[in-house]
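Colleague: The primary structure of each chain is shown beneath.
Protein chains: 2
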Amino acid sequence: DTAAVSVVGGDFPQEYLDLLSNRNINLQGVEIVKEGKTFFWSGRYHNDMNSRDTLVTELNTLADFNPVVPSEYKDANVVMLGNLHPIVQSSVLDQMTSKPDLVILDTMNFWMDSALQDLHNVIKRVDVITINDEEARQLTGEYSLVVAARKIHEMGPKYVVIKKGEHGALLFHNENVFFAPALPLEEVFDPTGAGDTFAGGFAGYLAKTNDFSFENMKNAIIYGSTLASFCVEKFGTERMVNLSNEEVHKRLLQFKQLTQFEIELS
Amino acid sequence: DTAAVSVVGGDFPQEYLDLLSNRNINLQGVEIVKEGKTFFWSGRYHNDMNSRDTLVTELNTLADFNPVVPSEYKDANVVMLGNLHPIVQSSVLDQMTSKPDLVILDTMNFWMDSALQDLHNVIKRVDVITINDEEARQLTGEYSLVVAARKIHEMGPKYVVIKKGEHGALLFHNENVFFAPALPLEEVFDPTGAGDTFAGGFAGYLAKTNDFSFENMKNAIIYGSTLASFCVEKFGTERMVNLSNEEVHKRLLQFKQLTQFEIELS
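Chains as they are written, first to last, in UniProt numbering: chain W, 1 to 266; chain X, 1 to 266.
Hints may be right or wrong, so weigh each one.
[As the list claims (entries may be wrong)] In silico DSSO-like cross-links for lysine-lysine, where the CA-CA straight-line distance does not exceed 27 Å:
id, chain 1, residue 1, chain 2, residue 2
1, W, Lys256, X, Lys74
2, X, Lys234, W, Lys256
3, X, Lys164, X, Lys256
4, W, Lys164, W, Lys256
5, W, Lys151, X, Lys256
No lab work stands behind these hints: they were computed from the structure.
Build the full structure now, drawing on both the sequences and the hints.
Modeller: Below, the structure is given as structure tokens:
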């Protein structure tokens, strides 16, 4: 029982809305501004596919987006706050009639530069933060990711997920740490959206299993990494549209083989 | 039953030789050139501790080193060829009276630039190669490490270990791949020797267990990563000298907790 709250312009292709509806995602909360244009981004990736230069960012309809949470979703137990202005993220939490069991927040350096205090205010209110390595360093002023995670933990979130692109992702919780690699691929075709796919897979797995323990968070990290590994194989959403459960299952097995070992500790 | 074959100058501190002897490492094959100087390297690490500039390299006694394998070690079952000129590496293999069960080779970009054909000649003769990511790319002209590993595999070695410093290490064998992360540390004090420590731990684990299956290679990678994680915590060999079995055991457990998960594949 999943709903999206977002905004698009009249230019947004109906087929993408249909794609979500057909997967039983409730789109009541998606505002369509007929005369407006959808958010647009373009960029150029470097040879390592792990860093990029932004060419164009147009906020368009996102610029003055006021999210309205549909009444039947005001008691959702898992809330994923996408990477938007922290005031917009806060306003979603303000609309909830009951405290969600789990609030996950994604953010980026742009908000650290332009709205740091607002960002700190919303970070206080969340259970899990997902952030990349450079952003974790910027937010805390610490080079060591272990120390950075501890400082972010002190800002509020019980769980800190640090994304390292092709170098995998780390999950921190008190003194515990878990690491999931990215699957080594023959070719990375287009990394755009891999971070969002990771976050979606992570949040979706937690919402579906309804288990927010550290052990299950590990699985959610693996699940998110698995989905992200598909995203980068083709352009845009192309690979995700045709993805089957069997393919996901097979790749989860590959992740197991990639990292699991049986060393005897005598 | 371990022996070292190497060369040092008269300036080499006796305490380091004693350190090895006291750990039951046979040093018959270590030549001491009294009037010579030991190999010397110094460098400066960048902020990320994962890249560095070499300031001084003096080969000294290594420059015209002719390794002599002591007769009682000419039938060793595991041979680790350290990162030296490929002709020197080949000459060690030539001295073996019986084919070792496992030959491991470490190399670097320097030999690719200066002795590529000799390097190819020795690579053909080994079972396992350890190499870092940039060097794997240089040797094959392939950016993808998956493709690079396959090409190196075709050059001879059945197992290809690609070291990625703080980003861990990959083990390739036919279509199988295994990944071991580096342990996330509070502080990396001095990464010098981490790669050698990894290689030593890897080879030592295999020699001790005498099992050269892919499954046991995984454990060897984990063991090597565990030892390397200690090496970087203090300067030079300082941390390794005082290392206890209990500490190694505890850190192996940390590695297990860092990567092992129990996802249900329904």
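Colleague: All the hints need checking, so say for each whether the structure fits it.
Modeller: Consistency of the hints with the structure:
1. W:Lys256 / X:Lys74: violated (40 Å)
2. X:Lys234 / W:Lys256: Violated, because 33 Å separates the two Cα atoms, which is more than 27 Å.
3. X:Lys164 / X:Lys256: holds (19 Å)
4. W:Lys164 / W:Lys256: With Cα atoms ~19 Å apart, Lys164 (chain W) and Lys256 (chain W) stay inside 27 Å; holds.
5. W:Lys151 / X:Lys256: holds (25 Å)
Hints 1, 2, counting from the list given before, are not met by this structure.
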